[in-house]
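There are 2 protein chains.
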Amino acid sequence: MKLSQQQKAYIAGFLDGDGSIYVQLKPNTSYRYKFQIAPMIVFYQSQKENSNLCWLQKTINRGYLRKRNDGIVEYIIGDTNSITELAQNLLPYLRLKQKQAKLLLEVIKRKKNLKTAEEFLALARKIDEFQIINYSKKRKQNSIMVEKILKQKRLLAP
Amino acid sequence: MKLSQQQKAYIAGFLDGDGSIYVQLKPNTSYRYKFQIAPMIVFYQSQKENSNLCWLQKTINRGYLRKRNDGIVEYIIGDTNSITELAQNLLPYLRLKQKQAKLLLEVIKRKKNLKTAEEFLALARKIDEFQIINYSKKRKQNSIMVEKILKQKRLLAP
Numbered sequence: 001m002k003l004s005q006q007q008k009a010y011i012a013g014f015l016d017g018d019g020s021i022y023v024q025l026k027p028n029t030s031y032r033y034k035f036q037i038a039p040m041i042v043f044y045q046s047q048k049e050n051s052n053l054c055w056l057q058k059t060i061n062r063g064y065l066r067k068r069n070d071g072i073v074e075y076i077i078g079d080t081n082s083i084t085e086l087a088q089n090l091l092p093y094l095r096l097k098q099k100q101a102k103l104l105l106e107v108i109k110r111k112k113n114l115k116t117a118e119e120f121l122a123l124a125r126k127i128d129e130f131q132i133i134n135y136s137k138k139r140k141q142n143s144i145m146v147e148k149i150l151k152q153k154r155l156l157a158p
Numbered sequence: 001m002k003l004s005q006q007q008k009a010y011i012a013g014f015l016d017g018d019g020s021i022y023v024q025l026k027p028n029t030s031y032r033y034k035f036q037i038a039p040m041i042v043f044y045q046s047q048k049e050n051s052n053l054c055w056l057q058k059t060i061n062r063g064y065l066r067k068r069n070d071g072i073v074e075y076i077i078g079d080t081n082s083i084t085e086l087a088q089n090l091l092p093y094l095r096l097k098q099k100q101a102k103l104l105l106e107v108i109k110r111k112k113n114l115k116t117a118e119e120f121l122a123l124a125r126k127i128d129e130f131q132i133i134n135y136s137k138k139r140k141q142n143s144i145m146v147e148k149i150l151k152q153k154r155l156l157a158p
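Which chain is which? The protein sequence lines are A and B, in order.
Per the working numbering, the first sequence starts with residue 1, numbered consecutively.
Per the working numbering, the second sequence starts with residue 1, numbered consecutively.
Note that these hints are calculated values from the structure, not bench results.
Do not take every clue at face value.
As the list makes no split between identical chains, a pair holds if one copy fits it or if it spans any two.
Restricting the straight-line Cα-Cα distance to at most 27 Å, the calculated cross-link-like pairs of lysine-lysine (DSSO-like) are [to be verified]:
| hint | residue 1 | residue 2 |
| --- | --- | --- |
| 1 | Lys-102 | Lys-58 |
| 2 | Lys-26 | Lys-148 |
| 3 | Lys-153 | Lys-109 |
| 4 | Lys-99 | Lys-109 |
| 5 | Lys-115 | Lys-99 |
| 6 | Lys-48 | Lys-102 |
| 7 | Lys-140 | Lys-102 |
| 8 | Lys-48 | Lys-126 |
| 9 | Lys-140 | Lys-48 |
Chain A with its partners taken away, still in its complex shape (with noise of 0.2 Å):
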């Protein structure tokens, strides 16, 4: 990813008009914690004008385009080392979105040294932070479905 000072300044400005920085909680069995810490940043546009979605694939050459059926575009960026990559690139000149972007550098570095359960735990709870920061409208503590899970499994003690 070679991005010069000027591109890195536009794209952190669309994202800051026009992106998402989150992290998706998703349950699934066959995850070690039940549960698979997806980090994602996305920008969208509509179908009719999704030539800047390709330009900035080709720029930053990392990630998806794909088409909802509601005639939006989203272009995502979901594997682990380009996220971090971007963010990295990203983060001085981010100005709404900087916090979502630490956020997203923290979860990354902390999800890779997890050794514990409790750590799972403490990891999730510090992932419900990007409801708040997002102002999502629908705000959930995701952390309280994994300790419920976690104990469930005999992961944590009850």
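Use these hints to put chain B onto chain A, whose structure you have.
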């Protein structure tokens, strides 16, 4: 208006992501040709996160903020000189809305040199182009209304 290259690139990205460039044609009998031509550059943000719009206003040093009833804050630049200056600054950095910025500058230039009702009608037709390039859902051909009124008022031959 003194913007660094980095600020111009960021603002262009933000405008491409979440802003609007358009021209309103408002019926107004006090005007010579019975319509006011009002060019606009507008940035949007939810009220909870309007700190970025405050920063933008401070940085661009033009225009004003307006709270809508639905919780959206608009940062509006509507003064012709300010728009011209801003559009010229952002033009090389815009991607999605570069067409709109060029059209805006052309409309402003022609507006200054209007001499006849025929020229006014031709300009109204030019303004119709915004509906197309902005993929406006309520696409109206304002020039048809302009022609009708100019003929009613005997400013144009019927």
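Worksheet item: What hint numbers does the structure not satisfy?
Response: none
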